[in-house]
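J.: Chains F and E supply the protein sequences, listed in that same order. Following the UniProt record's numbering, the numbering of the first sequence begins with 1 at its first residue and continues without gaps. Following the UniProt record's numbering, the numbering of the second sequence begins with 1 at its first residue and continues without gaps.
Don't read these hints as lab results, they were simulated from the structure. Do not take every clue at face value.
[As the list claims (entries may be wrong)] DSBU-like mimics (lysine-lysine), calculated; alpha carbons at most 30 Å apart, straight line:
no. : chain 1 : residue 1 : chain 2 : residue 2
1   : E       : K116      : E       : K85
2   : F       : K7        : F       : K24
3   : F       : K201      : E       : K85
4   : F       : K197      : E       : K85
5   : F       : K201      : E       : K351
6   : E       : K351      : F       : K197
[Unchecked claim] So these bits of chain E aren't anywhere near chain F, every CB distance computed over 12 Å:
no. : residue
7   : P175
8   : P283
9   : E288
10  : R331
11  : P349
12  : T356
13  : V365
14  : A371
15  : N414
Yeah, the Cβ is synthetic: ideal placement off N, Cα and C, and Gly gets one too.
Below, each chain spelled out in residue letters.
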Amino acid sequence: VPMYKVKPISGGHIETDLPTCMYKLPNIHAQQGNSCTSEHALQNGEVDPAVRALEARQDEIMRKLHELKAAVEGLAKTVTTPDADLDLTVSSSLSSHSCSSATFKGVTDLDTVLGKDLGALRDIVINANPAQPPLSLLVLHSLLSQRYRVLSTVHVHSSVTSVPPQLLSCLGPRHADSYARQMFQLGFTLIWKDVPKLQMKFSVQNMCPIEGEANVARFLFKLLAPYPSDPALATLVDSWVDTAFFQLAEGSAKERSAVLRALNSALGRNPWLAGPEFSLADIACYCCVQQSGSASAAPANVQRWIKSCENLGHFSPAKLLLQ
Amino acid sequence: MNKAAGGPVEVVHLSGCSFSSSGSKQSGASLTCMPSPAIGTGGGGVGGLEGWRPDRALVRVQDLTPDKADQLIWLRARVHTSRAKGKQCFLVLRQQQFNVQALVAVGDRASKQMVKFAANITKESIVDVEASVRKVEQKIESCSQQDVELHIERIFVVSQAEPRLPLQLEDAVRPDGEGEEEGRATVNQDTKLDNRVIDLRTTTSQAIFRLQSGVCQLFRDTLTKKGFVEIQTPKIISAASEGGANVFTVSYFKTSAYLAQSPQLYKQMCICADFDKVFCVGPVFRAEDSNTHRHLTEFVGLDIEMAFSYHYHEVIESITDTMVQIFKGLRDNFQTEIQTVNKQFPSEPFKFLEPTLRLEYTEGVAMLREAGVEMGDEDDLRSEHLARTYDTDFYVLDKYPLAVRPFYTMPDPNDLKYSNSYDMFMRGEEILSGAQRIHDAQLLTERATHHQIDLEKIKSYIDSFRYGAPPHGGGGIGLERVCMLYLGLHNVRQTSMFPRDPKRLTP
Chain F
1 VPMYKVKPIS GGHIETDLPT CMYKLPNIHA QQGNSCTSEH ALQNGEVDPA
51 VRALEARQDE IMRKLHELKA AVEGLAKTVT TPDADLDLTV SSSLSSHSCS
101 SATFKGVTDL DTVLGKDLGA LRDIVINANP AQPPLSLLVL HSLLSQRYRV
151 LSTVHVHSSV TSVPPQLLSC LGPRHADSYA RQMFQLGFTL IWKDVPKLQM
201 KFSVQNMCPI EGEANVARFL FKLLAPYPSD PALATLVDSW VDTAFFQLAE
251 GSAKERSAVL RALNSALGRN PWLAGPEFSL ADIACYCCVQ QSGSASAAPA
301 NVQRWIKSCE NLGHFSPAKL LLQ
Chain E
1 MNKAAGGPVE VVHLSGCSFS SSGSKQSGAS LTCMPSPAIG TGGGGVGGLE
51 GWRPDRALVR VQDLTPDKAD QLIWLRARVH TSRAKGKQCF LVLRQQQFNV
101 QALVAVGDRA SKQMVKFAAN ITKESIVDVE ASVRKVEQKI ESCSQQDVEL
151 HIERIFVVSQ AEPRLPLQLE DAVRPDGEGE EEGRATVNQD TKLDNRVIDL
201 RTTTSQAIFR LQSGVCQLFR DTLTKKGFVE IQTPKIISAA SEGGANVFTV
251 SYFKTSAYLA QSPQLYKQMC ICADFDKVFC VGPVFRAEDS NTHRHLTEFV
301 GLDIEMAFSY HYHEVIESIT DTMVQIFKGL RDNFQTEIQT VNKQFPSEPF
351 KFLEPTLRLE YTEGVAMLRE AGVEMGDEDD LRSEHLARTY DTDFYVLDKY
401 PLAVRPFYTM PDPNDLKYSN SYDMFMRGEE ILSGAQRIHD AQLLTERATH
451 HQIDLEKIKS YIDSFRYGAP PHGGGGIGLE RVCMLYLGLH NVRQTSMFPR
501 DPKRLTP
């Protein structure tokens with residue numbers, strides 16, 4: 001017998017919808033067609049435009065942060081490196097187009113300097129004697145590779161029996177795309193050959209060969225940036241280049257110390273040899289100073305200038321070869 | 001004339017002329033030929049009928065140097081020239097590419113008759129000579145051994161040559177230009193080839209074929225070091241491998257068969273049979289009615305085939321490295337031979353780069369267009385341009401158009417108008433045509449149909465790719481052509497010992 005009766009509080013049986021799925025995850029194996037189930041955009045899935053805008057803003061901020069960081073690091077290094085606009089060891093990690101304004105003021109266009117590209121890879125062929133590796137050209141090569149897409153190769157000519165391994169790898173590691181020659185703007189082919197004097201061949205139909213490391217250096221430099229427009233300054237650069245290759249590299253001990261004294265006094269007045277800007281004169285003199293072995297005994301301004309050059313980063317292939 | 005019978009070692013053919021010293025002034029001065037049928041008389045003569053083997057060491061002409069001065073030696077050589085001058089007879093004795101001046105002088109060692117005898121020995125006869133080596137004050141420019149000469153004490157004829165030779169060796173070795181200038185004879189190529197046995201005795205021929213042997217040797221050694229296996233492929237085959245036109249037919253019992261135009265099919269089958277890297281050296285038969293300076297109907301093919309891991313450039317690198325090792329081996333070990341050949345056929349030394357220069361076909365075309373050439377002698381002009389720019393006589397041209405290559409060539413996946421195929425050039429002439437091969441039976445069938453090839457005829461070839469075939473590629477060179485181009489010669493018959501062409505079947 002029931003104890004007491006209560007009127008039912010809720011009427012009848014209520015149907016409750018119990019969920020069968022505990023939680024949902026986007027399908028990590030989703031193909032392009034399944035974008036409706038995925039919540040995040042994969043390649044080109046449909047996504048809330050607001051999210052996309054947010055992502056874009058985030059990317060932009062990250063990029064700006066990176067640049068700021070690079071600039072700050074560069075500034076930190078410019079305490080020791082006079083007047084370099086940006087420290088190139090850092091800037092080389094940035095995208096390539098920001099580099100062109102970095103080292104040299106003034107821009108050259110390859111097609112203007114070298115003539116229209118006719119479909120064959122424009123190849124700069126340098127024949128060098130392994131007994132006298134051309135350090136300045138290696139430095140210029142590294143500058144060229146940052147500026148353009150350069151296909152670099154090293155060959156040994158049959159006139160030479162063998163060559164030490166560091167001369168075979170002096171242009172750096174082989175480019176991953178080297179099997180696809182048409183993807184490159186410029187070729188740089190270094191051939192170790194038994195030649196009395198360094199020689200460069202380019203477009204043999206139209207140009208005669210260029211002899212001597214100094215002259216080839218001038219040619220390569222002009223692919224990066226034009227000479228200073230002020231004729232006095234341009235002449236100064238040229239005169240330092242000649243001094244480097246004639247008196248420093250090939251001169252007697254007396255001539256060499258005279259050059260070092262001249263370098264010292266020039267560098268006392270200016271951060272770089274041709275004034276406020278880094279130029280071919282600095283490349284040439286740095287390489288010849290190092291090659292002649294006078295670096296350790298050099299006077300104070302020269303030592304400081306040597307460190308500044310090294311801070312710029314492109315002298316590393318030259319330094320590697322000297323070891 | 002006597003022939004020694006039964007003697008296993010010394011078969012000596014004694015000259016008919018015999019004489020002995022007449023009451024020699026000194027004792028022990030023995031001379032000349034043995035009297036016929038007699039067994040050796042006095043001073044140890046050459047054996048007669050018993051085939052007696054004398055205890056004698058023969059010196060090589062190339063070892064006749066001043067440090068042997070005043071020694072008494074024996075040697076066997078050919079009489080290159082003999083010239084009597086009064087009481088003396090000058091002989092030049094030759095052994096392969098070396099020769100030495102020898103002298104028979106009337107004196108206590110030789111009589112007048114001996115001098116006459118020596119002067120009458122026909123050219124090319126093989127003689128045994130006992131002589132003392134003497135230093136000379138003035139270098140003998142015309143001989144390879146310039147610092148010594150031989151003073152002959154005894155001379156025997158081992159094998160006599162007929163007096164009239166079909167060609168004179170000095171004429172055969174004379175450079176063409178020199179002949180015209182001095183009004184002396186040179187021998188034209190057909191005569192040389194008709195009398196190949198004599199022509200091959202010249203210093204130039206000896207040098208050429210020694211170098212050729214070196215090429216073969218270097219080819220084998222380099223590839224074996226790289227892990228290749230040498231295989232032999234059949235030359236009598238049932239279907240023409242390169243196309244029906246240029247193939248020799250042979251009767252094969254009740255039916256007929258063909259002589260292989262290349263070991264192509266069998267090389268590839270070996271790769272499918274897991275040999276990974278193979279090479280073969282063997283004859284190749286092409287029934288091409290071309291009478292050019294670089295075609296033969298039968299030549300020695302050096303063929304390579306290898307499986308690669310990711311990109312067919314691995315094959316190109318392997319082949320070019322093999323070629324470079326061959327060139328280096330020749331440059332470093334065969335300079336004597338190269339100089340000898342250059343004396344008769346002057347040419348520039350062969351230049352190459354390591355690693356080998358590789359250009360693309362389209363680049364080659366653009367290069368020629370720059371030079372203002374649209375059609376014509378593309379190979380020559382391109383090679384000349386490359387020689388001027390890079391100073392190399394050897395390069396690879398990569399990515400040929402698909403339309404001009406055989407049906408089994410793999411097309412370029414990035415651009416179907418082109419193929420993964422390549423040619424290699426030496427001094428402007430093509431020496432190798434190679435490619436990545438199609439290793440998929442389906443694609444191969446499509447390409448064969450496209451080229452209108454009867455699928456029944458190549459059924460077993462296509463079948464070899466149905467049971468798992470690795471990606472592979474390769475190429476082949478002609479031994480004779482490579483030697484010709486390395487030495488800078490102008491006719492492949494000079495580097496083929498017994499050449500075969502549409503007009504020549506003997507010797």
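J.: Are the hints correct? Go through all of them and say.
T.: Results for each hint:
For the suggested pair K116 (chain E) and K85 (chain E), the alpha carbons sit about 10 Å apart, so the restraint of at most 30 Å is met. Taking the CA atoms of K7 (chain F) and K24 (chain F), the gap is near 42 Å; set against the 30 Å cutoff, the hint is violated. Among the hinted pairs, K201 (chain F) with K85 (chain E) is inconsistent with the structure: their alpha-carbon atoms are about 61 Å apart, more than 30 Å. Proposed proximity of K197 (chain F) and K85 (chain E) is contradicted: the alpha carbons are some 56 Å apart, above 30 Å.
Restraint check for K201 (chain F) and K351 (chain E): satisfied, since their Cα atoms lie roughly 17 Å apart, inside the 30 Å limit. Pair hint K351 (chain E) plus K197 (chain F) holds up; C-alpha atoms about 19 Å apart against a cutoff of 30 Å. Its beta-carbon lying about 25 Å from the closest one in chain F, P175 (chain E) satisfies the requirement of being farther than 12 Å from that chain. For P283 (chain E), the shortest C-beta to C-beta distance to chain F comes to about 31 Å, beyond the 12 Å cut-off, and the non-interface label holds.
Every C-beta of chain F lies more than 12 Å from that of E288 (chain E), the closest at about 33 Å, which supports listing it as non-interface. Not every C-beta of chain F lies more than 12 Å from that of R331 (chain E), the closest at about 6 Å, which undercuts listing it as non-interface. At roughly 8 Å, the least C-beta separation between P349 (chain E) and chain F is not larger than 12 Å, which violates its mark as non-interface. Not every CB of chain F lies more than 12 Å from the CB of T356 (chain E), the least distance being 8 Å, so the non-interface label is violated.
Distance check on V365 (chain E): its Cβ comes as close as 8 Å (rounded) to a Cβ of chain F, failing to clear the 12 Å threshold; non-interface status is violated. Not every CB of chain F lies more than 12 Å from the CB of A371 (chain E), the least distance being 5 Å, so the non-interface label is violated. The non-interface label for N414 (chain E) is inconsistent with chain F: the shortest C-beta to C-beta separation is roughly 8 Å, within 12 Å.
Violated hints, listed in ascending order, are 2, 3, 4, 10, 11, 12, 13, 14 and 15; each of the other numbered hints is respected by the structure.
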